[in-house]
Structures are given as C-alpha cells and as structure tokens.
Amino acid sequence: MKRKSFRGGGERVEFPFREAFWMSVEQIRKRLKRSIIVVGSIALGISLLTHLEMTNVILATYMSSMGTTMEAYQFWLIIVSLFVCGIGLINANLIAIYERYREIGTMKCLGAMDQHVMKLFLIESLIFGLVGGVLGFSFGTITAMASSSVQLGINVLGFTPLEAILRYLAITTGLSVLLSVVSTVYPAWRAARLNPVEALRHNV
Amino acid sequence: MTDYIVETQSLTRHYEVGGFTVKALDDVNIQIVRGEYNSIVGPSGSGKTTLFNMIGGLDRPTKGQVFIDEIDIAKLDAYELAWLRCHRVGYIFQTFNLIPVLTAQENVALPMIFAGIPRDKREKRSVEMLEKMGLGERLHHRPMELSAGQQQRVAIARALANDPDIILADEPTGNLDLNTGLEIINILRELNQERGVTVIAATHDMKIIDVSDAIFWVRDGKIERAERRNSS
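As you go down the protein sequences, you meet chains A and B in turn. Under this note's numbering, the first residue of the first sequence is numbered 1, with each subsequent residue one higher. Under this note's numbering, the first residue of the second sequence is numbered 1001, with each subsequent residue one higher.
Just to be clear, a hint being listed does not mean it is correct.
To be verified - Simulated DEER-style distance windows between Cβ atoms:
#1 A:R18 x B:K1124: 46 to 56 Å
#2 A:R29 x B:Y1079: 57 to 67 Å
#3 B:P1118 x A:R190: 24 to 34 Å
#4 B:E1131 x A:I36: 44 to 54 Å
#5 B:R1228 x A:L126: 52 to 62 Å
#6 A:E14 x B:A1074: 17 to 27 Å
#7 B:D1210 x A:V25: 44 to 54 Å
#8 B:E1131 x A:I142: 25 to 35 Å
#9 B:A1074 x A:L166: 23 to 33 Å
Worth flagging that the hints you see were computed from the coordinates, not collected in a lab. All values derive from a computational prediction rather than experimental measurement. Backbone N, C-alpha and C define an ideal beta-carbon position, used for all residues, glycine too.
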C-alpha cells in the first residue's frame, strides 16, 4: 500500500479563512489579558486622534462663520501619538509572538505552512485593529463632546452632523486597522519563516 | 526485496557554533523497514535528535539525502513538506509540546484542521482518539491540568490524528516516571502491531529498546551498530 504522491489523493493541506478566523478568535479569547492590553493601546492612540478631530468638527459646525481648522501643533501631536502607538504595538507583538514560538513550531510539525501562521496572526491583528478603532473612536468622541459642551454649553452638540461623525468613524477605524496590521507584519513574518526545529528550541 | 519506508544516504548535518563546525551527523546510512518498531539509541549529544529531525523533515541536511517511500524529501517544496508532516508523519516529543491554551480535545483536533477535515468530524474523531487513550474524562482539560503521562497520551492521540504511517518519537519517556513510561511504550508497541505504523523512537531507555525490531546505536554522529532483534 505505497502512497507515492506527496500531493496525495484527496488529502490536502489547507487553512481556510473560516478556520483561521475562528482559531484567531479562540486565541484572543484565551489570551484575554494580552488582548486587552493590545486593544487598549490601540484605542488610546486612536482616541487622542479622535478627540482632537471631533473637537474641531464640533466647533467648526457651531461657529461655521469663523471656520476652525486643524492647528499645526494638533497635526504633529496626532502624528507623534500614532508613531508612539505603532512602536508600542510592534514591541508588544514581538513579545507576544516570541512567547508563541514553540506553539508555532508545533503547528508546523502538524502541517502548518508559513502562510498559515501569517494568516493566523494577521487576522488576529485585524480584529484588534477593528475593536481598538471603534472603542478609541467612541471614547475620543465622548470626551470631545463632553469638553466642548462644558466650554460652550450642551447646545453645541446639536450642530454636529451625523454624516461627519460616521465619516470620522470610518477614517479612524481604517487607520487603526492599518496601524495594527502593519505593526504585526514584521514580528509575524519573523516567526512564520522559522523552521520547526528552530521554533521548538525556544523555551519561554 | 525489503520494503524500506525510510532510508538515508550519507546523511550529514553540520552546525556552526562560535566559529567551529560541529558534526552532529556524519555520513549516516540507515534503512527502516515498513511496519517495524525502531529505536535510535545513544548518549545525549550523539546526534539522535538531529537524525530524528532529519527523518521527520523538520530540518534540512548539510549533505546527503533522506528518502521516504523512495522520495528525496530535500526536493519537496513547502507545500509537499507540509503535506508530509500533516499526513504521513506523527511526532511525539519529550516535552509533549501540547498547545497550552487549547484543551486536550482541541489539541488532538488541531492537525485535522490543516488536513481540511470538517469541524463535526474533527470533534468526533478527536473524542474517539482520546477515549482510546483512556482520557475520556479529560477531554476539556488543558495540558497544565493533566499529569505528564496524560499529556503524553494526548500527544500520541494528536500524532495519530491524520492516520500517519510513521510515528517519530524523540525521547517519549524522557520526562516520565518508570510506570508511566512503560505505559507509553506499550501504547506505542500496540499501535505498531495493530495499525502497522512504523515507529522510530530516539531514546536511551532500555525498556523501549527491549521491544524494538531494529536498533540503531548512534555515537558521535555516526551509526556505531545496527542490530536486528525478533524477525517478526
């Protein structure tokens, strides 16, 4: 009963998106503490950005004639905060993925390919980005509304168009996903291309 | 002609350590007969584990070849190598290497995900495998909640998940006490006899050596002696 082919009859090696997605969700759930820290750090960066943006939007629509635009210092504040957030994320991902080297080695012994490992980590980061983005946006919007209404009275909120809020939700969530995924690519790629023996040698 | 499932030809593996070349394996030629129980024996640092890694396609040789079913595994592409690890070979390690965040049942089901087996079938089969290993009561325990012997039985169930024809075991009893070790050896021997799985165990445990059909004594990266026991 020799089986000569290495692409055997009907026997595959695969890791479809659906399976990878559910495994990612499980991983996030089972490493909840780490997940909360990662999502929290994304949300923090995004909420600062949202706070500044939304404050501008609220004031601009309220005092439409005066036309408040973003100040240069705000722009740089956002850039710096996103940069710091990104560096922090790369660092967190390097550590988190390093802790999973043995697990990656084991999965490779069981038939996982480099791209399967990448897929798993990238889906996780996509989820972190989405959740962090929405949370960060919500938090930033609430603080922006709160601080503007404290300064100018509660009426100020009535002028904010829903359309602008939704637009900024899309922008900030997109940015958040980008931030999360980009900061995962390098650590994940470094881990995924290890051969099983190298990966299993790690004792954390 | 004897049916060899694994063969090596002048298999050599060098490591560069701090400017020195360490010859972990040096010109090793072995043949492993299909369906037999094989032991690779030698002191630690003799090259057993390196040989184990080479045969399992986990590491690439510096020189020479490993043939599985007469196919040179160095020539396989990434997909074929993954296929080999997924469907043909089951690995058992000294340190079990179970995934700590997954339950016993999920650990056994994992290789079946990569084999494309649908969820309901995976669950059914992994429960069956664990019940066969006497772990029917431990399905939803995580590795940390299991004893060493139980963990190794989960690892055996996982190794068998995709019905491989080779079981590679690296010091499977190395972290177990006498009785548990014996239990694991008996399970492996039964699997070998009932399913016809070829077992290759790297070990220095005399109890494993006793049940072997063939024994390869390794020293300083070379095969010192190849011995055949019962001709069964």
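Here's how the hints hold up against the structure:
1. A:R18 x B:K1124: 46 to 56 Å: 19 Å, violated
2. A:R29 x B:Y1079: 57 to 67 Å: Violated, at about 31 Å.
3. B:P1118 x A:R190: 24 to 34 Å: 33 Å, holds
4. B:E1131 x A:I36: 44 to 54 Å: 37 Å, violated
5. B:R1228 x A:L126: 52 to 62 Å: 55 Å, holds
6. A:E14 x B:A1074: 17 to 27 Å: Holds, at about 24 Å.
7. B:D1210 x A:V25: 44 to 54 Å: 47 Å, holds
8. B:E1131 x A:I142: 25 to 35 Å: 53 Å, violated
9. B:A1074 x A:L166: 23 to 33 Å: 56 Å, violated
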